[in-house]
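*Asks:* What follows is each chain in one-letter form.
2 protein chains.
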Amino acid sequence: MKDLDAFRRWLAGINDLMNAMSVLNWDARVTMPPGGGETRARQLGTLAEVIRERFSSDTTHRLLDAAEKEVATLPDDAYKVRELRQAREALGVLARVPPELSAELVRLGSVAQPIWAEAKANKDFVRFAPSLEKMVSLTRELAEAIGYDAHPYDALLKQYEPGMTAAGLNTLFTELRGSLLPLLKRIQGSPARAPTHIFDQTFPKALQRAFALNIAEQFGFDPNRGRVDESHHPFEISFTRNDVRMTTRYNERYLPGAIFGLFHETGHALYEQNVDPSLTRTVLATDLLGMYAVGGTSFGLHESQSRLWENMVGRSLTFWQNHFGALQATFPDQLSGVDAETFYHAVNDVKPSLIRVEADEVTYNLHIMLRTELELGLMDGTIAVRELPEVWNAKMQDYLGLTPPDDSAGVLQDIHWSHGHIGTFPTYTLGNVMAAQFLEAAKAQVPGLTASLKAADYAPLREWLTENLYRHGRAYTAAELLRRSTGGTLDAGPFTSYLNDKYEALYPER
Amino acid sequence: MKDLDAFRRWLAGINDLMNAMSVLNWDARVTMPPGGGETRARQLGTLAEVIRERFSSDTTHRLLDAAEKEVATLPDDAYKVRELRQAREALGVLARVPPELSAELVRLGSVAQPIWAEAKANKDFVRFAPSLEKMVSLTRELAEAIGYDAHPYDALLKQYEPGMTAAGLNTLFTELRGSLLPLLKRIQGSPARAPTHIFDQTFPKALQRAFALNIAEQFGFDPNRGRVDESHHPFEISFTRNDVRMTTRYNERYLPGAIFGLFHETGHALYEQNVDPSLTRTVLATDLLGMYAVGGTSFGLHESQSRLWENMVGRSLTFWQNHFGALQATFPDQLSGVDAETFYHAVNDVKPSLIRVEADEVTYNLHIMLRTELELGLMDGTIAVRELPEVWNAKMQDYLGLTPPDDSAGVLQDIHWSHGHIGTFPTYTLGNVMAAQFLEAAKAQVPGLTASLKAADYAPLREWLTENLYRHGRAYTAAELLRRSTGGTLDAGPFTSYLNDKYEALYPER
Chain R
1 MKDLDAFRRW LAGINDLMNA MSVLNWDARV TMPPGGGETR ARQLGTLAEV
51 IRERFSSDTT HRLLDAAEKE VATLPDDAYK VRELRQAREA LGVLARVPPE
101 LSAELVRLGS VAQPIWAEAK ANKDFVRFAP SLEKMVSLTR ELAEAIGYDA
151 HPYDALLKQY EPGMTAAGLN TLFTELRGSL LPLLKRIQGS PARAPTHIFD
201 QTFPKALQRA FALNIAEQFG FDPNRGRVDE SHHPFEISFT RNDVRMTTRY
251 NERYLPGAIF GLFHETGHAL YEQNVDPSLT RTVLATDLLG MYAVGGTSFG
301 LHESQSRLWE NMVGRSLTFW QNHFGALQAT FPDQLSGVDA ETFYHAVNDV
351 KPSLIRVEAD EVTYNLHIML RTELELGLMD GTIAVRELPE VWNAKMQDYL
401 GLTPPDDSAG VLQDIHWSHG HIGTFPTYTL GNVMAAQFLE AAKAQVPGLT
451 ASLKAADYAP LREWLTENLY RHGRAYTAAE LLRRSTGGTL DAGPFTSYLN
501 DKYEALYPER
Chain Y
1 MKDLDAFRRW LAGINDLMNA MSVLNWDARV TMPPGGGETR ARQLGTLAEV
51 IRERFSSDTT HRLLDAAEKE VATLPDDAYK VRELRQAREA LGVLARVPPE
101 LSAELVRLGS VAQPIWAEAK ANKDFVRFAP SLEKMVSLTR ELAEAIGYDA
151 HPYDALLKQY EPGMTAAGLN TLFTELRGSL LPLLKRIQGS PARAPTHIFD
201 QTFPKALQRA FALNIAEQFG FDPNRGRVDE SHHPFEISFT RNDVRMTTRY
251 NERYLPGAIF GLFHETGHAL YEQNVDPSLT RTVLATDLLG MYAVGGTSFG
301 LHESQSRLWE NMVGRSLTFW QNHFGALQAT FPDQLSGVDA ETFYHAVNDV
351 KPSLIRVEAD EVTYNLHIML RTELELGLMD GTIAVRELPE VWNAKMQDYL
401 GLTPPDDSAG VLQDIHWSHG HIGTFPTYTL GNVMAAQFLE AAKAQVPGLT
451 ASLKAADYAP LREWLTENLY RHGRAYTAAE LLRRSTGGTL DAGPFTSYLN
501 DKYEALYPER
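Chains as they are written, first to last, in the working numbering: chain R, 1 to 510; chain Y, 1 to 510.
Treat the hints with care, since some could be wrong.
Not close to chain R: a few residues of chain Y, all C-beta gaps over 10 Å, as computed [to be verified]:
| hint | residue |
| --- | --- |
| 1 | D3 |
| 2 | M32 |
| 3 | G37 |
| 4 | S56 |
| 5 | P182 |
| 6 | A194 |
| 7 | R227 |
| 8 | Y250 |
| 9 | G290 |
| 10 | A346 |
| 11 | E463 |
| 12 | G487 |
| 13 | N500 |
With the Cβ distance kept under 7 Å, some of the chain Y side facing chain R (calculated, not the full set) [claimed, not checked]:
| hint | residue |
| --- | --- |
| 14 | A20 |
| 15 | D27 |
| 16 | D76 |
Please keep in mind that the hints were generated in silico from the structure rather than gathered at the bench.
All C-beta atoms, glycine included, are put in the ideal place defined by N, C-alpha and C.
With the rest of the complex left out, here is chain R:
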């Protein structure tokens, strides 16, 4: 297929340039000295311009036209069909979104971010409101340009979670809400309390790092094709499957932060490191709409892997029965007299709180629902920006029984909207829901999986995930991967069962 090969060589160069941008972004967040920011932004801007120019060039169109003819008779689920279709769709969106609108969104994102930071520092939503109004208005223009059938939010979801819709989220969230609120009520009624006082000690950073990195490698992280650094906001980023970087943040006065943070990023990293090598530098390892190189198929599917490894594996009783001994050996003074079961409860403390990033597995999804409902309202015009604090606080009371003392602990807490990221919050909950579906399917399909987890052997689980999800890169949507691997569709059932089983045991009724 010489036309397909020619198309691939051209796209490989575009993927290279996107990976170069990712290296520059990683460096900016991890190693760059403060003075380098302004010129780094220029370098990133030029790269983005070159990428956009190359991808929308006549060359791309000509090579794609020719390659499409070669694959015309292949089945719909062939990788070759998928890569050309994704390129065609991305070219369509690129043609529909005016370059001025894209540029204006980027510009506003960089201008609005410091305004948000200042508003947050001053607990003053009114300072941020005009920027957010502009951002919402531009994002609605973007949605119109991308196009949608039912709800403008659907257009935004195309960028982050192809195939998902506002209607689908409403259905899922209604079901989830029906389970989570009663579960939370039951937990709050239980006399059990998580023994979190064991964290009120100093845990030296180097030892935290050694323990967490060892577990990451036991999960399957390959340090020959990746590394771990520190940054203020932990993240994972890949420059092809051969170079996958994670960061974490160490707090010597709060042990769980870095440990579970690194387990979380390890889930993302395992996904990227296990994309099939044949997809390297192809469309199936490239987010052509988002214009960056990545192996995972959607935000939600990526998040399903970080949460599966962080929570369903890493916060399980089995895990701590296996590894608490090593943790205790790492911190003999701090953890003498603590046992695995006590530690397990301490890292699974459920308590409504105001701040999303500090939330536990049960309440986390209520934080997400609240934000998603606000985003839906902003996009369809049923909520105005100026009403946000009031609506936020009312929902906070409904879902978690709390009222923020000010907007910094409320509507101003997240950076996302200031950057123009509207439509990503729900992917966190989609990740939780899908993670439970995948784990249930893996247990049903792999004989002895539960036993291997009990023996701290993570290979069978990782191999099932690789075979069913990771290796396919971006060839299939999350919905397709669910169908192929579980036989079903998106379903809150396994996740709510998982939560009910786990937390009913931890929080028995009085």
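Following the hints, put chain Y in place on chain R, whose structure we already have.
*Replies:* Quick look at chain Y alone, frame taken from chain R:
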């Protein structure tokens, strides 16, 4: 000047892309996991292709034609004239060098490097000879393509040291040889011995780093616009003046390595950090022939700054009289009973050795002469590749009175030729010679400069260097900067006087 501005905007993007390449190269040498090498090479290859394509495009020619008309009446030494002239010259070379030849040189460089490494490990020049023959042959083709008046080596020097020629090097080296050989003989006849036994101890890495970094900042390195890391081969690289990276290598069993290594890189870094901000992202901070972004005007001038700060400042008696106390406070156990004068002699041990990178200030230049004479012979055909070991060993005996036990300690010791870098060795000695000229001129022109150095105040020296050299970026050649700042031309005199004065005092006659 709207045409000049348009040309500058276009070139700024090219500079951005070259800086992006430098970030990827830095990362590859400092942080990249081993598995990332293959895809990183692809990313660098694509960036190089995009840069070459952009620079040689019709757009560049059109914008340059228009801009040249705008500056036609400006004086010859105006920055605007210089930047357009350099772009024009680079386009000329690019047009004369066949792209296949450039590609073949890059390809051979990556193939020949591991062959050289294997040959070196096996002490077997014969394994490397065929690759080197091919490299020499391609480099002679390159010289013909670039063009020269008298000697093919002149064409290579255009890339690294514009304005320098084989004839100029011969004159300089003859003079140097006439001074260095008698000085070395006198030193070898002296009963004095450097007390190097004080290094036979362990000096913890973290403390070495703290001391050296503190000195780098006293010299004027701005950590807000740069950082220091570790790498196997120390180097300096800049991504504009706002982000200048240095690396060093710590050997706990050999204190001088990291300290003087970092002083050396600090000299390079001070040059880059002090290029005038108005030159950022312009041709005058871009090596258009070498296709990388850099503020310094030539290899030799860059090296003059690393050697000035490392040797003429950092290895001076005055320096150690000022800073030995701090070093002793850093290593109280290891350095108790040692005084500044003793330490000064220990770090200025002169002794002929086989290995260039371990050589002292006196013998170093003899290593360089040897290599340069070989390169000249390879390029004009008077020396054949197969004769190299024999010629090397004969010259080694002539200059240093030593014969390598094998080719690994002889002709195979340097990586340069395997990468295709023929023509860079002499720039190291040019750096030494010019450094002494600049220091002499600064002392003559700045009242109280010697007193300020005695008071460990490095600002007056750095400011003179900034005013006379650094700020101009690549606007003037090394010869022009010499003339503008010292009123003279390249002259070995100040360097040989410096060496004679310093080492006659350290090594008195019997």
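*Asks:* State for each hint whether it applies.
*Replies:* A quick look at each hint next to the structure:
no. : hint : verdict
1   : D3   : holds (21 Å)
2   : M32  : violated (6 Å)
3   : G37  : violated (8 Å)
4   : S56  : holds (15 Å)
5   : P182 : holds (47 Å)
6   : A194 : holds (37 Å)
7   : R227 : violated (5 Å)
8   : Y250 : holds (18 Å)
9   : G290 : holds (18 Å)
10  : A346 : holds (34 Å)
11  : E463 : holds (20 Å)
12  : G487 : holds (35 Å)
13  : N500 : holds (41 Å)
14  : A20  : holds (5 Å)
15  : D27  : holds (6 Å)
16  : D76  : violated (30 Å)
In the structure shown, a violation is registered for the earlier hints numbered 2, 3, 7, 16, in ascending order.
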